[in-house]
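Q: Mind docking these for me? Both chains are given alone in their own frames, and the hints should help you get the complex.
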Amino acid sequence: MADINEIFNNPNNYVNRELSWIEFNYRVLGEARDKSLPLLERIKFLGITASNLDEFYMVRVASLKDMVHAKYTKPDIAGLKPGEQLEKISEKTHELVALQYSTYNRSLLPALKQNGIQVIVNHEDLNEEEGNFADNYFERDVYPVLTPMAVDSSRPFPLIRNKSLNIAALLKKKSGEEELEFAMVQVPSVLPRIVKFPKKEGEEQKVILLEQIIERNMGSLFLNYNVVTASPFRVMRNADLTIDEEEAVDLLEEIQKQLKKRQWGEAIRLEVEEKIDKGLLKILKRELTISSSDIFLISGPLDLTFLMKLYGVKGFEHLKAVPYVPQQVPELMNEDDIFTNIRKGDILLHHPYETFDPVVNFVKAAAKDPEVLAIKQTLYRVSGNSPIVAALEEAADNRKQVSVLVELKARFDEENNINWAKKLEKAGCHVIYGLVGLKTHSKITLVVRREEDGIRRYVHLGTGNYNDSTAKLYTDFGLMTCNPQIGEDATAVFNMLSGYSEPLQWNKLVVAPIWLRARFLKMIRRETKNAKAGKQAHIIAKMNSLCDKDIIAALYEASCAGVKVQLIVRGICSLRAGVPGLSENITVRSIIGNFLEHARIFYFDNDGSPELYLGSADWMPRNLDKRVEIMFPVEDEDLKERIIKVLLIQLEDNVKSHILLPDGTYEKPDRRGRVQRNSQEDFCEEAKLLVKAELKKLNPQASRVFIPNEGQS
Amino acid sequence: MAIKIFAAIDVGSFELELGIYEISVKNGINKIDHVRHVIALGRDTYNNGKISYELVEEMCSVIRDFAGIMQSYKVIGYRAYATSALREAKNSQIVLDQVRVRTGIEVQIISNSEQRFISYKAIASKDAEFSKIIEKGTAIVDVGFGSMQVSLFDKDALVSTQNLMLGVLRIREMMADVQVSAKMQNTLIEEMVDNELYTFRKVYLKDRQIKSLIGIGESILYLSRGSNGGKAVERITAEEYGEFYEKLLKMSVEGIQERFGVNAEYAALLVPAAIIFKCVLEITGADMFWIPGIRLCDSIAAEYAEETKAVKFHHDFSEDILAASRNMAKRYKCHGPHTSIMEKYVVDLFDSMKKYHGMGKRERLLLQIAAILHACGKFISMKKPSESAYNIIMSTEIIGLSHMEREIIANVVRYNGVEFDYSRMHLNEELFRNTKGELSKEDITILMAKLTAILRLANSMDRSHKQKLSDSRMNVKNGQLLVTTSYEGDITLESVSFSQKAEFFEEIFGIRPVLKQKRRLT
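Taken in order, these protein sequences are the chains called A and B. Going by my numbering, the first sequence opens with residue 49, and the numbers climb by one from there. Going by my numbering, the second sequence opens with residue 6, and the numbers climb by one from there.
The hints are simulated quantities; they were obtained by calculation from the structure and are not laboratory data. Careful: at least some of the hints might be erroneous.
Quick list of in silico lysine-lysine cross-link-like pairs, DSS-like style, CA-CA up to 30 Å [to be verified]:
no.: 1; chain 1: A; residue 1: 392; chain 2: B; residue 2: 9
no.: 2; chain 1: B; residue 1: 79; chain 2: B; residue 2: 137
no.: 3; chain 1: B; residue 1: 349; chain 2: B; residue 2: 360
no.: 4; chain 1: A; residue 1: 556; chain 2: B; residue 2: 36
no.: 5; chain 1: A; residue 1: 83; chain 2: A; residue 2: 113
no.: 6; chain 1: B; residue 1: 252; chain 2: A; residue 2: 580
In isolation and in its complexed conformation, chain B is listed as follows (with noise of 0.2 Å):
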């Protein structure tokens, strides 16, 4: 059957929801089932830091109730992802294991970046007009429970994505101890939303044009909701919302609670949703509101069906991580013509090794991001570039990127200037415990070393920065990675360089490398 059942959990601030989905090429993805328990472990997180055991007994007997519905409909496969109320809270670890010795179901946090880049696959799952609608320029705009993300898209490609602590539970949960009139109290969140996005605005928006705003994440669902069980609105204008608004603002919590059939609770986190997506729209500007609906377990599901090529998506999200990381190295002032042909360097050698380094897809791009951001550190100091670098790239969110694979990145840059020292390897293991894709630390040890030996050597074939290989050609023979070019001027400094760097090269691939100028004849 070409048909596949599969499960996807969130295990959310507020909410756990199982989305049982069908994908097929054919039929695309199509959501069979799905349930929602309300249980507010995002509360615990972030007052107390830490998720009581009242809270992780529950959790458990639903996930249990889960596991059972998604055995009746015989799925094939599952994820479960944790999101900020796991991955903040002190006990996380214990928390999952608990889940998977009464469950045996493993919850994976993702991070951030993670979790967001997932959700553009869902919009892009969801809708065709998603190309288009991004061809002009679009703001995705996800408010979660603990923060929300700003992303802009121009001409088909992310530009920049931001995260922002301006989750509606977090601001309501900041508001709880602030006692003053609900007026006043809308207008105190209105101010510090404005504060936060005006920042966002000078730094990162610029003068961009937004054309329009697409709106996901938990809140907009609601408010989004026609009244008495009816269907949801899709798309609005700016203008429609204002009117929305105010009217929203008039509503008392009872209203809210009629109008969009929510409970008490969840009542009083619409209007903060609503704040934010009002001042979204006037710093953007954009004039169509777009709401797809997506929750994150449509996102697994996209996921899923992207990894498993269940289904065939138009727009190539690895070049989103791509335009994003290069947008990074351009404001770090690293992106020129030397970044660009260490991007085709790193590639090619990667290519040519194939056969020897065993790696694969998800890594050549780890590669390629890391040739990107090699030169960032220049930034700051042009002494200590590699510290840098590997400061820059670990606290910038790079969409896309679990924490893992963020952490590797920076490091990789780092040894890139710096002696490789397998024994000195500092990693935040405990970040990415029980994240999506955990490898041990060995294993992050092995592919950090192969991925830095590439890159050195590439960095090594532009010592000059002026591309001189430019056209060089690459194959392995005879144990010898044969690099040759037809350069005619002077390699003298690359070829000095590429020796170096060959040696570490052939420590860590048994293959050495070498460099060879073809010279023509006469």
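Bound conformation, chain A alone (with noise of 0.2 Å):
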């Protein structure tokens, strides 16, 4: 047994969780390269690609980057020491910008021009008409807001700002005196990337990057010299980020203990233009104390995410995919309220394929409704103008009692959620902001209204946000239900959050940080028991990221007693899939479509009576253990049903989704002789033809076909 379980939790058995997400950016890098896509859809995901790395690079490189500075040695999962790992980074991320730009250059730079879009590289290449209109636009538009900074020996070098893009400049005085000075500006972000020409008619729509018409017109900003040389640069710090929570506390200890020799501010990554200046670069790289291995020249544009921009540019709809707009919810096409419709069963909303809509219309109607005692809600990451904190706000004033937990540490929009949980406060509402040591990750709203027969709880519990601008693009399940169980389950969560002590036992729900982590383990072991007695084992687990050690363990020692593992994971994975002798019953596929797959599913086989969950975590040691997640039952056999259905059509995919190797990397699946099935796409169309069926039912003039009413009703 000894040398099993050492097999199950060799290093070498796991697979770095940062290479494996940038294995994750290839396969969006897949989609921009394909060119089945429409072609403005291939721009879309090229920048996703660029803003992805952006925030990798200031989320887990800056951390790894304190983690070497605080000389902390310990190996991750796969027994990688933060500085192997840095290395590792460096190499792949170079080699993902270098395919990232010959996929702009060579393959979509050219689609673009074939289909009426011109991007004009280089300021060089306008024609004069161009020319003076790119001028003008700089005189205009562009010269009052910039700030040109020259460097001497009384100006020292300035601090350049975190994710901008910046022009730097050699400049010789016209006076003539040989030394060089250094010069760079800032390009303002208060203006827009992309400058359109005037457009012709009959002729292709030419666009220009405003660095290269602030670089056409550096001379204008230094009068009294001569630019010699001027090229864009890009720094990213980790000047403004604390230790992600990822990491261990000890980790968090030490660095804390280290502080005064963190470097604030340190750059962390330099991108410029392949075509630098030798003597320029040797400045920037001087100045900006940055290794060579943290330098990326680029063949192109700087920050790739002006692309997403370019997807916006009005015009070119038919470059687009056809927008698809999320169907109603058949169960709720009626006349009655959305309570009576939850009394008539449990309600499944499958997202974005059906509207977000009577999520937010459950909080407007419990506001409005009189006999609605209580709204209590985890929100984490809100849309700006959300309709639910307006709800909110209104269901104070109508004198219910509204707490909401609002999760401040949502990354990177802690400001934004401020002001709105402020508004909430101001308005009545109990606002609780967070717990300590704990981020909220769960998703749920519980509404405590008084009926006839006493007092019936109302709960919604979801995979994703309550973000109704994020539910048109992510894949989310939500269920609403009024069982008892959950519904005192529900007011248990809320209890907890509140401060109070934990409740006596859980009907149905279970809980991270205390309870997740053991019952995921306890059913991921029963079907290895199930397996080794010779009954059928059955795992399918659909989720965001898997690097979590114990479950991986768990999952190898069940593959090894054979029982059957499915996984759809999206982003990372550290488990090896099909090794022999650890895996080889285990499948993991990512599927990466039109819509992001944010849904976690567990389907446990249970000895043929299955039991299946949706929940908020995904399977890594910051979901099990550093927040406060939720995982519920799907226990109303249609829609377990459903559900199942949705796993299997997803294991089916053979065009949107990438089956990983036993050697990490992942390739899409073989399509020969199969029929093609992009399960995003059939979940649309499912969508429309339940609501076409449900109108039907609805109006049965409009089938000229009359149903005889054979039930006894």
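A: Structure (structure tokens):
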């Protein structure tokens, strides 16, 4: 047994999460390279890979750099020390960036030109008329907001803002002195990066990037100088970020001790054009104290996130995928109010195929309903003008008890969160600003309503955030129910979040950080036991990331016992799939489609009486140990069936899915001789069909066929 | 709406608890919300005799939050009871005053016997099987933080109930200074518990057959918890419990924390609790152990439901109080035909005077108990039975009665034998300030006078202890209470005594009692 356990725990059998993440970004890049997609969709995907990579650097790489500075040398799940990880990351990301730009230059730019959008790469290529337009634009709109900065003995090298795009230049005095001086100017982020030239009838739409216009007019910024060379550059720092919460507590302590040693604002990545003047690069490198491995020589425009803006350029809708309109939910297509509909039976919502409106309406209706006593909700990453927040305010106005747990620790939008949280508090809501040491990631809403036969609790549980904008892009499940046992648990969850002791027992919900991990391990081991006893054993699990060591070890063990394990993991996967003697019964696929796969679904065969759970947690240490997460069972047989069908269709997807190979790379499945199956498209179609069927039921004349009612009603 | 929403607050030794309940005739009592906040009031009280300022502060802020929750459910009523930690704290009056001023919540201290008693109501409301179980010998064992209570049921009636100073927190605090290994400590606890229980068995249990044990109280709720937040155990055999106990003793504190989902402080209390239940199972020889999962809040709700008649109980709880009193009378060898006829007389007098005395059901019960116990003093001393009876009653807990009620009974019994003196009335008032059903001293005096008058008159009616007037009829007419008997023998003794007591009776009720012997004309 001992050696078997050693195999399960051997670092060689795990993949470093950062490297696995880079693999994920490669898969997204794959979408940009997929010629079967509409052109602007490909453009958008390339933009996404760029913004993904930015976030990766700011959070993950910054964190690893901190570890190196703190001399923290604990190896990760795959046995790599922070320094070693950084080396590999540098190598891999350089390759990734090279592929990004070859995609951009060789494939996308020509395709854009073919389709009537010409990106003028170099300002030197402008003709006279265009040049005049650019110069006018510069003078009128750009020049007033620029702040050119020179460096000399009296003016030190300026602090360059994180993620900002700048143009560096070497200047030479017109008076003829030989010495070169360094100067720079920030490309203003308040102006659009893409500048459109006036379109002429029958000609292509020409555009140029803002930095090209500035570069062209560099001379007018430094009047007494000649510009010898100028080139854009972009710096990424680990300045304004705290330590990523995913790291171990001992690391945090270590870093706190070593706080003084931490180099605030240290540059961790420098992007420059590959044709940059050697001398200029040398100055940047020296002033930013950045090592060569963190410098990216780019063959194209820096910061490709502008491509997401290009996606939005008007007049080229034909180059995009036909936008999908989230469909109505058949169970709600009637005159009854939402509470009545929930009382008829649990309602499953499949976003974005089905609209998120019912969730918003649920809160809105509760805010107005005179019988509602209380509304409680956890909010995390809410959209700016959220109708939910407005409804909660209204509820407080209507003297309902409104408790909201606002998670401020949501990455990058703390400020936004604080603003509306304050607003809620003013309106009279009871606002809890997160929990000490824990991030609240669960998505749950509880409405307490006084009815004829007593208090009834309506609960919405979801796998996605209460964000009506992302609900159009993220695939998620939501469940609306008034099951008293779930209601009781929901009340207990909010009591716990308000600081009261844990409930004496849970009926249905499984809550992290205390119970969830143990429950998952128990359910995986139950399958293992069943497999060993010769019974059928099967796990299907879908999530965003998988990198928890205990869980992976348990899955390896299950695989060895003969449990069939089918995983659908969109992003990071530290598990090795299909390795003989370790995981030959495990398959992993990643679906990268137009919508962001976001639902977490867990299916356990349980010797023929299957259990199905939805939840907010990934199989990551942070989700299981550092967050408040909720997993809930779906017990209604029809709904269970529906979700299992979703899983099976995703497992059959051969258009948007990528299969993890034993060597850690992914490849698209072999489609020869098979029907194409794009699961996301299938779900779109199905949602439409369901609505049609429901409409037919509501309006029997439409079919021109009379349907005899043979039931005794 | 036939559904009432009620809030119950338990100010316990270890936790503050709020339960919100729906109460209806149709569906009984349903808990719809329940919050707990750990605060070791008992630690302060048991160690220093007082509750510290910091804890009062914390307590007020939690109770204020409770009030908010109550409001959000729009409750129509609440009861807030405090138990041993406050009961025993010297500064309880000040603490409760602070709570009242700062939170608007009136917290009442309930006596141990009341506390235990209402938990029976909760058990009865929880399971229809209750009445079935108590048909055979049953012991209800309630292990709290400060003390434990053992109540014996036989043939559907409460036989005896005793309070033992064996609370888990108390034991833990006692052991805190003993520097021995954990194993040794457990042995010590076991010895101590065994010793107390041995006395209990000798005096009260004797050869009663105990078939099942009903376990209530905080600690058993934790012990019965399922692992990983799962369902709790409800029924377990003595044998299974034994296995469980062995396993528990081998667990580390960390292991206990994880298995039962409790914090370290709580974990340390679970072993003493397990020891107590093991010892009780052993000495009673019960083979079934039922854990109905009752908490004090549930009990408070059950009591409220019963009193407001929102829920119907099959079990008659007043009967339990009477049964316990009769058992006590038996112990002091005063339960005989005289006592039985006294019970009848006082009730008859009470009922026929209903229009004139203005007392209710509860007072009737007190009167009945006073009648049952009126002669218990003779067991100690024939010379000064009144004083002895007073002392016996004052030092014996009667389940279901508050301190104040017990003191009323003790006084009524005392003044049955000695002159009633309005001004020299002695009461331990401070004991029942802020307690449930609190009355002013004046009201208590009047109540005692009324009860005494009836008891005395009843006693005179059986002066000869021969139940001569057992067929008497009573009615009030023209300012007279006419007691008519058709007894044909000599009733001189009764007559003389009757007219002696009649004076006091008239003084109290303004109605003159008259005893008439109906003679046959021929």
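Q: Against the 30 Å threshold, does the CA-CA distance of residue 83/A and residue 113/A hold or violate the hint?
A: Answer violated: residue 83/A to residue 113/A is near 38 Å, above 30 Å.
Q: Hey, residue 79/B versus residue 137/B, does the alpha-carbon distance stay inside 30 Å?
A: violated, 37 Å
Q: For a C-alpha distance cap of 30 Å, please report whether residue 252/B and residue 580/A respect it.
A: Given pair residue 252/B, residue 580/A holds - Cα atoms ~28 Å apart, limit 30 Å.
Q: So if I understand the rule, the pair passes when the alpha-carbon distance is 30 Å or less; does residue 349/B with residue 360/B pass?
A: holds, 19 Å
Q: Under the criterion that the straight-line Cα-Cα distance not exceed 30 Å, is the pair residue 556/A, residue 36/B satisfied?
A: Holds, at roughly 17 Å.
Q: Between residue 392/A and residue 9/B, does the CA-CA distance stay at or below 30 Å?
A: It holds: about 25 Å lies between the C-alpha atoms, which stays within 30 Å.
When the structure is compared with the earlier hints, violations turn up for hints 2, 5 and for no others.
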